[in-house]
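There are 2 protein chains.
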Amino acid sequence: MGQYIYGIDIGGTTVKMGLFDGAGEMLDKWEIETRKEDSGSKILPDIAASIEKKNGERGIASEEILGIGMGVPGPITEDGRVLKCVNLGWGVFSVADKVRELTGVEKVRVGNDANVAALGEQWRGGGRGFDNIVMVTLGTGVGGGVILDGKILTGNNGAAGEIGHMTMNLDGKRPCTCGKSGCLEQYSSATAIMRRAKELVEGTDRPSMLREHDKITGKEIFDAYKAGDEMAKEIVDEFALYLGLGLSLVSNVVDPDAFVIGGGVSKNGQVVIDVIKEQYEKNAMLPHKGKEFRLAELGNDAGMYGTVRMVLE
Amino acid sequence: MGQYIYGIDIGGTTVKMGLFDGAGEMLDKWEIETRKEDSGSKILPDIAASIEKKNGERGIASEEILGIGMGVPGPITEDGRVLKCVNLGWGVFSVADKVRELTGVEKVRVGNDANVAALGEQWRGGGRGFDNIVMVTLGTGVGGGVILDGKILTGNNGAAGEIGHMTMNLDGKRPCTCGKSGCLEQYSSATAIMRRAKELVEGTDRPSMLREHDKITGKEIFDAYKAGDEMAKEIVDEFALYLGLGLSLVSNVVDPDAFVIGGGVSKNGQVVIDVIKEQYEKNAMLPHKGKEFRLAELGNDAGMYGTVRMVLE
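Protein sequences, first through last, are from chains D and A.
Sequential numbering from 1 applies to the first sequence in the numbering used here.
Sequential numbering from 314 applies to the second sequence in the numbering used here.
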């Protein structure tokens with residue numbers, strides 16, 4: 001008899017699905033579409049059907065399934081209830097109970113997507129060897145997850161680790177999707193630096209390598225930064241200023257063993273760590289200086305690994 | 314046979330000592346001087362002698378002592394080592410081992426003073442009924458303690474909950490004792506508001522009730538604020554602006570069940586909560602709004618209670 005775990009990460013466009021063995025090794029992965037129509041009511045049945053299909057293909061019996069882990073892009077309580085998830089059209093209900101009902105699998109663990117990605121990185125990725133990490137995901141927004149003693153810190157409203165919505169600039173005029181302004185993700189997300197580049201390229205006539213590109217993403221910005229481009233430096237400096245400051249504030253609260261930096265922007269490699277760390281050290285108090293910074297390693301698989309870790313806990 | 318616990322809170326001037334029963338009820342409390350000469354080497358022997366004397370007075374046998382809890386004004390690791398404590402003249406050593414050696418009591422638990430005060434308030438004070446709180450102590454500085462699942466969050470270098478040294482103002486010219494500038498405690502400690510009052514009274518000729526006092530402490534400032542004094546309002550507004558913002562950032566990281574506000578400034582009562590909460594709500598993201606704020610209740614006894622809780626864990 002084998003032992004299997006399904007690790008599932010629900011995104012706004014696709015659901016990432018992984019089959020793992022009982023030791024947490026990935027055996028297979030695939031994606032299905034996230035069908036958001038009818039208030040997202042098709043999403044969990046689609047997942048259950050995909051699990052059943054995979055069980056059939058591989059001849060997996062239901063008693064061989066140790067559990068199902070699931071990441072959801074919204075606030076999740078410790079017992080697996082979602083507190084509204086605008087992205088998927090979901091209201092408030094127990095995701096864990098629904099998945100149990102649909103699959104017949106008793107052990108279902110559900111976490112917020114940024115949190116399960118953080119747990120995955122702590123368990124098998126850039127945070128390996130550290131019990132207490134804070135992961136920051138630099139993508140469309142700035143996501144965060146706090147892992148303490150190898151476990152997700154969920155928070156009272158499932159909203160611990162909301163690093164991206166720290167108010168970094170009281171005078172910040174940049175409105176945020178969350179309804180506030182001056183949030184970290186308005187300065188340090190991939191979206192933010194791309195928007196800033198566009199503003200500077202279109203709004204000024206300053207010379208810059210960035211003008212050579214039709215589309216300026218984080219890659220073009222960091223490449224130009226490394227080449228000494230002044231405009232790119234201004235963009236990267238602002239990105240790093242607020243992110244370094246923000247992570248120093250995180251240290252004041254939880255004093256983690258390490259920070260893990262992930263998301264699209266982190267694919268630019270060590271330079272990203274270097275610029276963040278320089279600003280972090282300026283604002284960190286003495287006992288927080290010299291903190292470890294690591295790049296995330298699992299990419300889009302981090303969330304799946306994290307949900308599997310929750311099942312194995 | 315009785316059951317007794319000693320709860321001890323070491324301060325820079327006095328050591329607060331408490332005798333508790335096995336259920337955590339305080340039976341007796343007293344203070345001894347903190348003798349800091351000879352690099353603070355007399356402090357722990359003085360405490361051990363005071364315990365021995367109390368045992369003699371009350372006829373307590375050593376096997377009736379469940380344990381000793383101790384709060385220390387410096388960073389402490391989870392296993393009870395102090396990582397330098399400038400206030401007491403201490404370097405790096407195991408406080409727990411030293412107390413075991415001096416008293417013969419095996420179960421010794423040591424925590425940072427702000428952290429044990431937070432734990433005391435969570436267990437028996439203003440944070441009763443909440444598992445996850447962040448306590449902020451507004452005194453000479455701004456202290457902090459993070460309690461998660463009823464336990465102190467220590468942090469990698471014993472420096473979690475260092476709320477007072479969050480950099481709140483990048484342009485802040487006010488130097489802090491920690492070596493940085495713009496730290497929260499430079500705006501929101503008792504010291505900070507007293508200094509600001511002095512600056513405004515001596516540096517301007519604006520009318521204010523505050524001019525009627527020889528010495529302006531937090532009490533005079535909050536009394537004048539409640540009476541509608543403009544200068545006091547300016548001082549209280551700045552105090553609340555940074556503290557409310559700072560606590561919103563704390564929510565972004567740990568999303569606690571409640572905040573507990575203690576220290577000398579909190580003795581001014583509900584008005585302190587009201588002004589902090591107003592600014593907190595402005596900066597909190599949606600899932601963090603409406604958070605509970607409570608006044609601390611145990612005063613100077615909070616630390617002793619917290620150390621006893623550590624022994625009982």
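It is worth saying that the hints were derived from the structure and are not from the lab.
A hint or two may mislead.
[Said to hold, decoys possible] Below are the DSBU-like pairs computed for lysine-lysine, each with C-alpha atoms no more than 30 Å apart in a straight line: (1) K173/D to K486/A; (2) K84/D to K602/A; (3) K539/A to K84/D; (4) K282/D to K493/A; (5) K420/A to K180/D; (6) K151/D to K486/A; (7) K602/A to K539/A; (8) K180/D to K366/A.
Quick rundown of the hints versus the structure:
Of the pairs offered as hints, the one joining K173/D and K486/A holds, with about 23 Å between alpha carbons and a cut-off of 30 Å not exceeded. Between K84/D and K602/A the alpha-carbon distance is near 16 Å, which keeps this suggested pair within the 30 Å criterion. Taking the CA atoms of K539/A and K84/D, the gap is about 41 Å. The hint is violated against a cut of 30 Å. Note on K282/D and K493/A: the hinted pairing holds, with a Cα-Cα distance of about 8 Å set against a maximum of 30 Å.
Our distance criterion of 30 Å between C-alpha atoms is broken by K420/A and K180/D, whose separation comes to about 49 Å. Restraint check for K151/D and K486/A: not satisfied, since their Cα atoms lie roughly 39 Å apart, outside the 30 Å limit. Proximity of K602/A to K539/A is assessed by CA-CA distance (about 25 Å); at most 30 Å being required, the pair is judged to hold. Taking the CA atoms of K180/D and K366/A, the gap is about 59 Å. The hint is violated against a cut of 30 Å.
The structure fails to meet hints 3, 5, 6, 8 from the earlier list, while all remaining hints are met.
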